[in-house]
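There are 2 protein chains.
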Amino acid sequence: MSALRIGIAGLGTVGGGLVRLLSEQREALALRGGRELKVVAVSARDRHRQRGIDLNGATWHDDPVALARGNDVDVVVELIGGSDGVARQVVETAIAAGKPVVTANKALLAHHGTALAVAAEKSGVALGYEGAVAGGIPIIKALREGLVGNRITRLYGILNGTCNYILSTMRESGRDFGDVLAEAQAHGYAEADPSFDIDGVDAAHKLAILTSVAFGCPVNFAGVHVEGIRHITAIDIAYAAELGYRIKLLGLARQTEHGIEQRVHPCMVPMEAPIAHVEGVFNAVVAEGDFVGKTLFQGRGAGAGPTASAVAADLVDIARGVRLPVFSVPAARLAKLPAAPMERHTGAYYVRLMVLDRPGVIAGVAAALRDEQVSMESMLQRGRSHDPGAAVPVVLTTHETEEAAMARAVARIARLDTIVEKPCVIRVEQL
Amino acid sequence: MSALRIGIAGLGTVGGGLVRLLSEQREALALRGGRELKVVAVSARDRHRQRGIDLNGATWHDDPVALARGNDVDVVVELIGGSDGVARQVVETAIAAGKPVVTANKALLAHHGTALAVAAEKSGVALGYEGAVAGGIPIIKALREGLVGNRITRLYGILNGTCNYILSTMRESGRDFGDVLAEAQAHGYAEADPSFDIDGVDAAHKLAILTSVAFGCPVNFAGVHVEGIRHITAIDIAYAAELGYRIKLLGLARQTEHGIEQRVHPCMVPMEAPIAHVEGVFNAVVAEGDFVGKTLFQGRGAGAGPTASAVAADLVDIARGVRLPVFSVPAARLAKLPAAPMERHTGAYYVRLMVLDRPGVIAGVAAALRDEQVSMESMLQRGRSHDPGAAVPVVLTTHETEEAAMARAVARIARLDTIVEKPCVIRVEQL
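These protein sequence lines map, in sequence, to chains H and S.
Note that this note's numbering has the first sequence beginning at 1, numbered continuously upward.
Note that this note's numbering has the second sequence beginning at 1, numbered continuously upward.
You may find that some hints are simply not true.
With the Cβ distance kept under 10 Å, some of the chain S side facing chain H (calculated, not the full set) [stated by the list, open to error]:
hint	residue
1	D63
2	A66
3	E130
4	E145
5	V329
Pulled a few chain S residues facing chain H out of the computed Cβ check, cut under 10 Å [what the hints assert, rightly or not]:
hint	residue
6	G17
7	G135
8	G136
9	G216
10	A284
11	V286
12	D290
13	G321
14	P330
15	M379
16	L380
17	Q381
18	R384
The set of hints was computed from the structure by calculation and includes no laboratory data.
The structure displayed is predicted, hence computed values, not measured ones.
Idealized CB from N, CA, C, for every residue including glycine.
Working from the sequences, and respecting the hints, build out all of it.
Here you go:
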C-alpha cells in the first residue's frame, strides 16, 4: 500500500517530538499501520530555527493553510494551538479539502469541536484528537471504543499536570502556593503566564471534550463550572491530610436529573481513592460504566513524547483506514442535553475560615449554617492566637447540601465581623 | 446498514452478561456501531437452565460448531472456555467459514494464539479477544492501537483477581493463606479447585497474550516462568510492610539481551509504585513505552459485567468495520524472539528462612551467600524463641544478583542443619 503522506503544521515541542517518533519507529509503524507513515510537508513560524530534527524530504510551507490545502498531503497534523486563528483555519481547510486531520489542540476542540465534527463527518474524514486530552493516555480511544458497551455514569480526572505538580509539591514540602508556583515556573512545569493552567481553563477544555465523547453530547465548554487553585493554602493541605483527604484539581462530569454537570475545581479526594495517589505531573482519568464498573487510566499528561505518542496513534488509525464518529456517535445525533446549573449541585463541603479568636465566633458561624439549613459534620479549631487581634483558622465540614444553600451560608459567614478573610470553600468528593 | 448478526456459543456468567448488555444498550450500540447488534443464535450445554435472560428471537443450537458454521450468523462469540476441545473447534470453524470471532478465552489464545491469528488473517476476518485479558480494562486496544507509536520497553500487571484478593485480604487481616483462600472460596472469589488461579497459570495465560501484542512476537505460553502464591505467609506480608513493600502476584515481560523475559510470580512491590495500591479483585497493567513513558490501566479483572463490556467493544469494532492485525503486526511478521532463560534473570531478592535460634546460624547463611557471590543488603531477625527447639524467622534481602547464583545460594542455605523449612524466596521489583 502507498505511504500515508503526512503534513505537520507547527513544529514546537510536540511537533518536534512527532517528527522524531515517526523517524525512530518508521519500520515498526509501517508494519503496524500496513503502510509507511511519511512526513512530506511541514510548516512553522520560523524556518531557520534549530530544532534538532531531520526535515529532509519534507516540503517547507511558510503558510500552514497552503500545507493543509496541498495535493501532496494525505493527512494534516495541526500542532499550532489556540482556539481560533491559524490553527482553526488549517483544520477547516484540511477537512474541506477532504483530508483527515489529527490535532492536539484542546482549546480548538473545546470551542469548535461540534462544528468540526459535523464538517469532518460530512467530508467523510477522520478527526483525531487523542493528543488533546491527558497527553499520552489513550483515553479518547478508551471511551469511544474500549468502553463503548457502557453507559458512562460518571467521569473524572486529574487533567492538568501543572496544577497537580503544584498541589503535590505543596503537600510534600508544606510550602505555600506562590512559592511553589515560582519554582514550577523556574523548572518549566508552569508557563510564565500560568493563569490558563492554574485557573482551571486548560482542565476545563479537556473536560468538555471528554464529556462529549463519554456522554455523546455536543462539546459545551461554556457549560463547565471552573475554579482554579490560587486560593489553596498550605493550611488547607495540612487540614486535608488530617481529615483523610488529598486536595486535587479535578474535572468531573456526570449526568444528573438536571442535565450534564461539568465542573473543574479543587476537590477533597479521600485517601482511599486511587486517584488520590496520582502525584506530580501525571494525569489520570476515571470512567465509571454501568457494565465495566470503575476504570482508571494514568500516565504523563503533557510533553513532547507522550503527546507525540497520542498523535502517532491517531495517524496509525488513519493509515489502517479506521474512521469513527468523532464523539462516539455521529455528530448529527449528539444528544443536546441541558447543562446542570451549578446551584443545583449537591455534595459535602470543606470551609476554612480565618477568625478573630473571640468568644461567640463559632456560635455565629453555626447560626449562619443553621439559617441556610446546612448541616455541619465536623469543626476543628486547632491553634489559639496569643495576639487577640490575630486571626486563627477554623475548619468545618458539612453533610451533603445544595450548592446554592452553601453559597448563601458562606456569604452570611463572610459578613460576620469576626471573619477576616474570604472563606476558602473546597468541595468534598465521594469517589 | 444491515444488523450485525451475532451468534453466542456459551451462556455462562459472561455469556449471560453479554446478552443483557446487548439488550440494555441496544439503541446506543446501534448509534455508536453504525448498525444494530443483534443476537440471532445461541448455544449452551443445557437448553433448559434458567438464565434470567431473554433469548427470544435467537435460534438455539445444541451444537456450537453448527452455530459457528451457520449462514445466519455474521460473527461468532466464543465463551465456552478451555484451551482445546469444543471452544477451539468453534473458533477454527468460524474463521474457516470467513466469520470474525470474538472470544474471552485466554487459555485458547495462550496455547493457540499464533495459529489462530494466522488463520484469521488468512481468512481476512477479525479475531477479538479484549475480554481474555484483564476483564473490562481495554488493554489490548491500548497496546495495539493507543500506544502503537511506542516501542514497549516493559509491561507488567496484576492479572489475577483471585490472587490479588487473597494477598490484599491477608495483608489487611494478618491471616494466613489457607484461611483466606477458604473464605475466598466461600464468597465465590476463588474456584473450588483454585490451582489454576493461585498457581499462577491463569495470569501466565494472560501475560503470554499481552507479551505478544506488546512486543509483536508469537504467543509463547511455554516460555513463561510461573510461580504461584501458596508459599506466601502472613509473616512475609508483615515483613514486606516493614521493608516498604507490598506482595503482589505480577506478570512481567520485557525485552532483555537474552530475549523476551516472561515471568509470573509473587513480587515485593515498592509502596511508592501505583500498582502497590491496586487491591482486592481489581486488575492493573502498566505499560512502559519509549515515547509515552509509564502508563497504568486499572479496572475489574473478571465478572459478567466487565468481561461483557470488553466483548461488546470487540463487537462494535467489527460492526464499524475495523479489522487490525491480531497481535499488532501481521501474524506472518511476528518476530520470533528467543525466550530469555530464567537463570539469567537479574534482580534483588527477599529470602525468609525459618532457623533454629542458635549461635552461628547467620554466619552459615552469610557464608553460603558469599560463596555464590550474592551480596546481602539487609538482614532482620526480630523475634527470639523461648523454646530452643522452635524455629524463628530470619529475613534477608540481597543486592541485584543473577537468578542462577541466587538459586545456588538458597540451595546451600537449605542444606544447613539450622534451617528447618524450605526457604521462601520472593523477587524484589524496581517498578
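Here's how the hints hold up against the structure:
1. Below 10 Å, beta-carbon pairs count as interface contacts, and D63/S has none with chain H, the closest being about 28 Å; its hint is therefore violated.
2. Hint status for A66/S relative to chain H: violated, with the closest Cβ pair at about 27 Å, above 10 Å.
3. For E130/S, the shortest C-beta to C-beta distance to chain H is roughly 7 Å, which falls under 10 Å, so the interface hint holds.
4. A least Cβ separation of about 6 Å between E145/S and chain H falls short of the 10 Å threshold, and the interface hint therefore holds.
5. Taking 10 Å as the C-beta contact cut-off toward chain H, the hint placing V329/S at the interface holds, the least distance being around 5 Å.
6. Among the interface hints, the one on G17/S holds; its C-beta lies about 7 Å from the nearest C-beta in chain H, closer than the 10 Å criterion.
7. For G135/S, the suggested interface contact is upheld, since its CB lies about 8 Å from the closest CB of chain H, less than 10 Å.
8. For G136/S, the interface hint holds, since its Cβ comes within 10 Å of a Cβ in chain H; the closest pair sits about 4 Å apart.
9. Contact between G216/S and chain H, as hinted, is supported at the beta carbon level, the nearest pair being about 7 Å apart and thus within 10 Å.
10. Hint on A284/S holds. Least Cβ distance to chain H is approximately 8 Å, under the 10 Å limit.
11. The interface hint given for V286/S is met, as the beta carbon of that residue sits about 9 Å from the closest beta carbon of chain H, less than 10 Å.
12. Here the hint on D290/S is kept, as its CB sits about 8 Å from the closest CB of chain H, short of 10 Å.
13. The interface hint given for G321/S is met, as the beta carbon of that residue sits about 8 Å from the closest beta carbon of chain H, less than 10 Å.
14. For P330/S, the interface hint holds, the least distance from its beta-carbon to any beta-carbon of chain H being 7 Å, beneath 10 Å.
15. Proximity of M379/S to chain H is violated relative to the hint, the smallest CB-CB distance being about 31 Å (cut-off 10 Å).
16. Hint on L380/S is violated. Least Cβ distance to chain H is approximately 27 Å, over the 10 Å limit.
17. For Q381/S, the interface hint is violated, since its Cβ never comes within 10 Å of a Cβ in chain H; the closest pair sits about 33 Å apart.
18. Violation of the interface hint for R384/S is found here, the shortest Cβ-Cβ separation to chain H being roughly 36 Å, above the 10 Å cut-off.
Hints 1, 2, 15, 16, 17, 18 from the earlier list are contradicted by this structure; the remaining hints agree with it.
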